[in-house]
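K.L.:
The lines below spell out each chain.
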Amino acid sequence: MPTKIEKDSLTGTDTTGHEWDGLKELNTPLPKWWLWTFYATIAFSAVWMVVYPSFPGWRGTSGWIAREAVMAEVEAANARNAPMMERLRQATPAAIAADPELRAFAVAGGRVAFANNCAGCHGAGGQGAPGGFPSLVDDDWLWGGSLEAIQHTIRHGIRAGESDEQRQSQMPRFGADGLLTPAQVNDVAEHVLSLTGRATDEAAARRGGEIYAEQCASCHGERGEGNRDVGAPRLSDQVWLYGGSKAQIVAMINNPRAGVMPAWQGRLDPAVINMLAVFVHSLGGGE
Amino acid sequence: MSTVEAPQRAKADRPAPAPAAAADQPLYATRQKVYPKRVFGKVRSVKWAVLVLCLALYYVVPWIRWDRGPGMPDQAVLVDMWNARLFFFWIEIWPQEIYFLTGALIIGAFALFAVSSLFGRLWCGFTCPQTVWTDLFMLVERWIQGDRNARMKLDQGPRDANYWARKGLTHFVWLLIAAATGGAWVMYFNDAPTVTREILTGEATVKVYFFFALFSGFTYLLAGWAREQVCTYMCPWPRFQAAMLDENSLVVTYRDWRGEPRGKAKADNVGDCVDCYACVHVCPTGIDIRDGQQLECIGCGLCIDACDAVMAKLGRPKGLIAFETLKNLAASRAATAGMAPGPERHARGMRARSVPRFVRPRTLLYAGALGVVSLAMLTAFLLRSTLDVTVLRDRAPLYVRLADGGIRNAYTVKIVNKTREESPLALVVEAPEGFRVTVQNAAEDGEGRPLLTRRADGIAQHRVFITVPPGQRLPESTPITFRLLDPGGRVAASRSTAFLGPRP
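Sequence lines, in order, name chains X and L. For what it's worth, my numbering labels the leading residue of the first sequence as 22, then goes sequentially. For what it's worth, my numbering labels the leading residue of the second sequence as 6, then goes sequentially.
Incorrect hints may have been included.
What the hints assert, rightly or not - Here's a subset of chain L near chain X, in silico, CB distances under 10 Å, partners left out:
#1 Arg36
#2 Thr199
#3 Tyr238
#4 Val405
#5 Arg406
#6 Leu407
#7 Gly411
#8 Gln445
Treat the hints as calculated values from the structure; they're not laboratory data. As the structure is a computational prediction, the values presented were derived from the model and not from experiment. Here a beta-carbon is modelled for each residue, glycine too, at the ideal position from N, C-alpha and C.
I would like the entire structure built from these sequences, with the hints used as guidance.
P.N.:
Following this line, the structure appears as C-alpha cells:
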C-alpha cells in the first residue's frame, strides 16, 4: 500500500505514493472512458470464448472450426478446378501438351504432385539419386521418354507386381548363379568398357565380345544400344544408372540389381497421372 | 523546447484542484465536455478553405474516370486488391513495385517533419482528418443546437421533446456524413459507380459492407464523440512531435509579456489581456493557451482569431495571441522585464523580436532527406521498365550430363509484361560459340530465333534449355546473358545468369 501520498509542489498534482530512489510518480488521472475500453475488451473476450472453440471440447456457439474452414476452402478450390481436372482426365498427354492452357495447368499441378509422390526417389528437381534412381532431366530413358511411355510407366510401375501392363524384366545373375566364370565376367566387362572406348585389355575385350554376342546382345543390342521393350539400358552412352567403372560393371554382371517403382494407377487420380506425365516430360524436354 | 512560464493558476473552465484529502484524488478523471464557440477571422477562413479542399478531394477523386482500354478499370485512382494492381491516373503499380508507395509515405513523413519544425502543428490544426471531420461535425452541431451557450443550456436543461429532436437530428446528420465517408473509402478499392449502386440496392459483398460499416462507424465515433480525446490520448503524433519543434518553430503563443497582469479593460496598470476567456471558449480541445505550450494544443490558431476580435473592439493592437517563436517570446519578455503595462512596453517587446530562422541544421536535414528520397523515387520511377525478364536457373540438378556426354542447363524464363502489348519476343542468348538454345513449345522467327510469347498485363513462363556438345572445353561457370528483342529488333529486356558445368 502506498503510504506517503503528497501534493507535488510544482504541478499541484498528487503523487501516487510510489517512490524510487527519490523519484516520485505523479497521479495523472486517465480519462474514465479509457477504463471502460478496458472493461469492454474483457467483455469482448468473454463473448469470444463462448462463440468460438476456446477450450478443448468446446465447439463454440458459432460452429466455426479452423480445420473445417480449411477443408471448406480446399473443397471450394477443388470445385473450382473440377472442370479443368475433368478435361485433363479425358485428354491424352499429347493433347494436353498441345493445348497451352491445359499444359500450363498440368505443369503447375504436376510440379506439386511430383513433390508429393515422386521427389522422394527421383529428387526435388527430377535429378535422380545414385544407386538406381534414374534422372528424369536427361535424355536417356530406360523405358521410353515420350509422353505416352512416361504415362504408361507412372500408371503401371516398374516390377511392381501390378499387372501384365507393368514394366517387367530380369537380368540373369551371370556370376552368382555360375553361368559365367569370373574370368569370363572380367572379359565381358572389358568388352562393355570398349563400347565407350574405355577398354584397357584389348585381348580380353575381344574374348568378352564373343560371350557378349551370345549372352547379352539379345537385350542390350549388338553394339550396346539397349532395348526399351525390356528396359535394358544403353551401354554405349555416358549415363550409368549403377555406375560406369569396371568394378561396378563386374558387380552388375555377377549379381544384377533392378529398380522397382510402384504403380500409381488406383492411387492417383488419372488427371494427376496425366499432369505428372506432362510435368516429367517438361523437365528435360522429353522425347 | 523551453516552456513558457505560466504566471497563472488553475486551467480555466475546469474545476480547481480540490483541496480534499490527498488519497481522494481519483485514478480516473471524468471527461469535461468541450463546447467550442463560433469564431470569425483569418485563421478560421483558412481552416474553412482547407476543409472544403480536403473533403472535396476525398469525396470526388474516386469518381474521376480514366480510359485504359477494354477490359481494364476506368477509374483514375483505384486499389485493385483482387488483381493486385494499384492504378493512379496513367501509373499502374504492380505488387513488386510497392516501394513506390513506401517512398511516397517516407516523402510524406519528411515533409511533415520539415513543416512541423518550421511552422509547428500545421498538420494537426488544419489538415488532419480528425480535425477536418471534427470541424465538420461541430458545424452541423452548431446549426442544429446553436452556439456554445445554447448547447450548454440544452445539455443542462430538461430532457424534453426539443432536446431529443435537436440531439436526434444532429446524430442523424452525423451518421449521414459518416456513411458518406465510409462509402467513399470503399470506392477507392472498388469501381465507384458499381459499388455505390450495390451498396444502395443491398447487392454488395459482406466484405464491402463490413468496411463500409467499419469506416462509417469510426468516423461517427471519432468525429462525433471522441474528438479532442483522440488528439490527447490516442494519437502518438503529439507525443513525439516535440522532437521536431525547437525555439525557432512558429507555434500558437500567448504573449504574456504584453498581456500580464490581466485585468478589466478600464482598470489601471494592467496588461492587454482582459481575461475575457474568448480564447478558451473557442478552443476545440478546451485548453487555456495562456498556460503556455501544452500537449493538448493542436495549433489550430482559433484563439488568435478570437483574441484579435476582442483587441480590435478595445482598440488595442492585434496579436496578443499569435503564431510566434519561443525565441522571440523570450526576447520580448527579456526586453520588457520590469516595465509597466502600456503602449511603450508593447512597442519595445515587439522591437525585440527578430525574423524567425527558417534555415537551420534541423530544417536543412529534413529538407535534405526529403530531397534525397524524392530524387531517388523520381529516378526509380523514370527508369521503371514496363517489360522485365527474370531467369531462374535449375538448381536440382546444377547441370545435366546427356547420353552423348554433352552438358545441359535448364532455365525458367519469366516475362513480366506491364503493358497490353502481346507480340512475341525473340530470344537471343549471348554465350560462347557452340552453346545451343532450345525452347519448349516455341515458334521461331525468320532468323531461327525462338519466339517467346508474353501475356498482356501478366506474366508468361517459358522453359529454356542450353546445351554444350561433348568435347567442348567448359569452365565450371560461364556467364551468359538472355536478351529479348521486340518485333523492331530492339532489346526490350535482358538478364545475366550463368551456365554451370562439372569441375574441370
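K.L.:
Does each hint hold? Answer for all of them.
P.N.:
To see whether the hints hold, each was checked on the structure:
1. Arg36: Since chain X brings a Cβ to about 6 Å from Arg36(L), closer than 10 Å, the hint holds.
2. Thr199: 24 Å, violated
3. Tyr238: 6 Å, holds
4. Val405: Check passed: Cβ of Val405(L) comes within 5 Å of chain X, closer than 10 Å.
5. Arg406: Because about 6 Å separates Arg406(L) from the closest Cβ in chain X, which is inside the 10 Å limit, the hint holds.
6. Leu407: 5 Å, holds
7. Gly411: 9 Å, holds
8. Gln445: For Gln445(L), the interface hint holds, since the closest Cβ of chain X sits about 6 Å away, which is under 10 Å.
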